[in-house]
Amino acid sequence: EPEVTQTPSHQVTQMGQEVILRCVPISNHLYFYWYRQILGQKVEFLVSFYNNEISEKSEIFDDQFSVERPDGSNFTLKIRSTKLEDSAMYFCASSERTGTYEQYFGPGTRLTVT
Amino acid sequence: AQTVTQSQPEMSVQEAETVTLSCTYDTSENNYYLFWYKQPPSRQMILVIRQEAYKQQNATENRFSVNFQKAAKSFSLKISDSQLGDTAMYFCAFILSEDNYGQNFVFGPGTRLSVLP
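So the protein sequences, as listed, match chains A and B. Here the first sequence is numbered in the numbering used here, starting from 610 and rising by one per residue. Here the second sequence is numbered in the numbering used here, starting from 99 and rising by one per residue.
A portion of the hints provided could be inaccurate.
[Said to hold, decoys possible] Only part of the chain B face toward chain A is listed, based on derived beta-carbon distances under 10 Å:
#1 Ser120
#2 Thr122
#3 Phe205
[What the hints assert, rightly or not] Cβ-Cβ distance ranges computed for the label pairs, FRET-style:
#4 A:Tyr659 x B:Ser126: 20 to 28 Å
#5 B:Asp179 x A:Met624: 44 to 52 Å
#6 B:Gln142 x A:Tyr659: 22 to 30 Å
#7 A:Thr614 x B:Leu182: 23 to 31 Å
#8 A:Asn660 x B:Glu127: 32 to 40 Å
#9 B:Glu159 x A:Asn637: 19 to 27 Å
#10 A:Val621 x B:Asn160: 33 to 41 Å
#11 B:Glu108 x A:Ile629: 34 to 42 Å
#12 B:Asn165 x A:Glu705: 23 to 31 Å
#13 B:Lys153 x A:Tyr659: 38 to 46 Å
What the hints contain is simulated information worked out from the structure, not anything from laboratory work. Beta carbons: idealized from backbone N, C-alpha and C, even for Gly.
Build the full structure now, drawing on both the sequences and the hints.
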């Protein structure tokens, strides 16, 4: 069964550094998403992406964040200058169609900012 | 704004018994979808079951079933014949239909379920 993959599984970075989290969505999916989950808290929506542009973003997704689909397969989340509070699990998801259809989640990348 | 509430932070159940996880939500919209996701210790979120708000019939998926009460805005998950592999964090989630604004899920805070041998 096709699945969403994410790399790395764990990223440790120093405060102020830039990080790029990578995701490979399911190949025929057109909608892509990033979520984050701070340890012990609920999953929070960050951004959705369709047709090479952001279609929706939350208040969490400020100017420090950006997303890109640099080629036909990868979908990346960049944090320009990491803060301690960016430490979280970041999940990528993709769906074949918008919203009402099942979003498939990747295994997540644990980001630790020290 | 849509909100999802799960009032049980933690629950436990004996293997082979039945457990019900609660979820309530708040929305002024009429068309939407509800989901239960399971997040085992490996941390990958897996869809357990989905319910369309326009359907009166409760969704069922093997040992998992829901009790959807639209008027009460309640969407509980029942797990029958609990198995050790059901141990996980369970998230209730809500999304508006594609005819409405918004594509993203709103998740509840989760219920940690432990299945005891």
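Right, here's what the structure says about each hint:
This hint is violated: Ser120 (chain B) has a C-beta 15 Å from the nearest C-beta of chain A, more than the 10 Å allowed. Checking Thr122 (chain B) against chain A: minimum C-beta separation of about 14 Å lies over 10 Å; hint violated. Annotation: interface hint on Phe205 (chain B) holds; nearest CB of chain A at approximately 4 Å, less than 10 Å. Between Tyr659 (chain A) and Ser126 (chain B) the Cβ separation comes to about 25 Å, which falls inside the hinted range of 20 to 28 Å.
A hinted range of 44 to 52 Å holds for the C-beta pair Asp179 (chain B) and Met624 (chain A), which are about 48 Å apart. In this structure, Gln142 (chain B) and Tyr659 (chain A) meet the distance hint of 22 to 30 Å, their C-beta atoms being roughly 23 Å apart. About 27 Å separates the C-beta atoms of Thr614 (chain A) and Leu182 (chain B), a value consistent with the hinted range of 23 to 31 Å. Taken as a hint, the range 32 to 40 Å is violated for the pair Asn660 (chain A) and Glu127 (chain B), whose Cβ atoms sit roughly 25 Å apart.
In this structure, Glu159 (chain B) and Asn637 (chain A) meet the distance hint of 19 to 27 Å, their C-beta atoms being roughly 24 Å apart. Val621 (chain A) and Asn160 (chain B) have their C-beta atoms about 39 Å apart, which keeps the hinted 33 to 41 Å range intact. At about 35 Å, the CB distance of Glu108 (chain B) to Ile629 (chain A) agrees with the hint of 34 to 42 Å. Here the CB-CB span from Asn165 (chain B) to Glu705 (chain A) is close to 29 Å, well matched to the stated 23 to 31 Å.
A C-beta distance of roughly 27 Å is found between Lys153 (chain B) and Tyr659 (chain A), which places it outside the suggested range of 38 to 46 Å.
Hints 1, 2, 8, 13 from the list above are not met by this structure, while the remaining hints are.
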